[in-house]
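> Following the hints, position chain B against chain A.
Chains as they are written, first to last, in this note's numbering: chain A, 1 to 229; chain B, 1 to 317.
Don't read these hints as lab results, they were simulated from the structure. Hints are not guaranteed to be accurate.
As the list claims (entries may be wrong) - Stretches of chain A that chain B covers, calculated by requiring three or more beta carbons in the stretch to come under 8 Å of a beta carbon on chain B:
(1) 4-14
(2) 20-27
(3) 64-73
(4) 119-125
C-beta atoms are modelled at their ideal positions from N, C-alpha and C, and glycine is treated no differently.
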Amino acid sequence: MLLTLLGVAVVVAGFAARLNPLLVVATAAIVTGLAGGLDLIAVIAAFGKAFNENRYISLAWLVLPVIGALERAGLQERARDFIVGLRAMTMFRILVLYMLMRQVAVAIGLTSLGGQASMVRPLIAPMAEAAAEAELGPLPAAKRDEIRAHAAAAENVGLFFGEDIFIAIGSILLIKGFLEQNGIIVEPLQLSVWAIPTAVAAFVIHAVRLYLFGRKLAHGSAEQKKALT
Amino acid sequence: MIGLSAVYLLAGVIFGAIAMMSAVDRGNPKRWINALFWGLFAASFLVGDVLGDLGNGVLVLAMVVLAGFVGLGIGSPATTNTATRRQSALSFGNKLFVVALTIPFVTLIGSLSFNAITIGGRPLIDPAQTTLIAFALSVIVAIVLARVMLRQKVPAALDEGRRLLDLLGWASLLPQMLAALGAVFALAGLGTAVGDLAAQAIPADNRLAAVAAYTIGMAVFTAIMGNAFAAFPVMTAGIGLPLIVMRYGGDPTIMSAIGMLSGFCGTLTTPMAANFNLVPVALLGIEDRYAVIKAQIPTAIVLLAVNTVLMYALVFR
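This is chain A alone, in the form it adopts within the complex (with noise of 0.2 Å):
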């Protein structure tokens, strides 16, 4: 049975390797296969069964033509505007409002209303690295990549750490499930009750971070102009 974890060793080794994912992944599902009993035909067969199962999955991409098309009218440059105009606006109330408006709605079921692909690059990675440099001036690429990339984690942060409090989600009803199995009879409100103190908690301490993040970016841009002059 031990065997199996191969699959395992094969991911972490191919990820830290920065290999190519789709051929990381696609070796660990043959070796797990293998070490689990399976001849390589079924491997095959069961991972393409799989795939197929999971189709649903890729059909976020379906968003990528209005995504695109809405840039190419000028939906990212309108962002940046927009944030410029608030002068208000600085780079971690941008980020920490997403994050919390993300939060709230996650946390009464509306899921929907963000995700990467459709708010956060077209509107409000834009709007970060707008209201930032508005602030400091033009950054570098690497100072740029790391706001995109806070822009990407306070909208996970947001998610997952919301996601539980409403009683309808997922997770909530494989709890409950798992828990009924094992005769343990629970309430779906009682499992989001108890969901609140850890949303706190992610918020409050991503905030922070964020703060922390604007702060370097701005004691670092201060640096630099200094060495400049």
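Frame of chain A, contents of chain B only:
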């Protein structure tokens, strides 16, 4: 009844059009590779159900070989330059936001209201798939609105979609591949193997050790599997129920709620959760593949510690 198959048909047609546009794109030296890759993606949506398991397996391996060994190129669709976009942003103003927000709002309204639409007492739209169908509808509505309000022609939208898909490249396939890997892991009994290992290796001879073993185990196992759903049953059956609930009399509700969220701390740290951690890197054009993970790891570690303390303080009330 309108079900998922209608959405797959739409996806197949859109990806098929993108494959054809790739094939005639002379600005891309690897245009045939891209055409074949997106063509196979389209085929998966159009005929995946009649290919059979082995056929689908061969199809996905062919895509892996194309993207992993041969390498995809970047297409050169006709797009606008920055000056034109600035001008266009000024003239369209907030109409741009209206179209952008169409997608979340139509998805939301659709997923809340589709169940109310019935024909002869039967639902028009598959009640199990309302969100995905509402999402597909929102894409169509937004494309129409972009045509009407922003004068963006439909072929241009498809070409822009191709620009972004080429930007994603292999990352576009990774989330679905990882879900399939999860299924193979489950088939081979990986969950029980890891659970047994964790239960043997972790000393849990007092309350705090048991709680820490459970929260940290959830995070680590989630990082390995890429999602907390796979980790929860294994860790809860292996450590949570026998130790925290049975031996020390902890509350299963509080334990499960905080345990699941400890797993989510693991999700923040792993490339296995590709759609959250790797896809944005490609979407945002970030140089370092692990930049989003690096931005999240400190939050994940501090929050996991907070979760452990919270569970210890609350679960034995």
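> Next step is simple, just say for each hint if it's right about the structure.
Now the hints, each set against the structure:
1. 4-14: holds (count 6)
2. 20-27: Holds, because 6 residues of the segment 20-27 of chain A bring their Cβ atoms closer than 8 Å to Cβ atoms of chain B.
3. 64-73: holds (count 10)
4. 119-125: Holds: 6 residues of the segment 119-125 of chain A have a Cβ under 8 Å from chain B.
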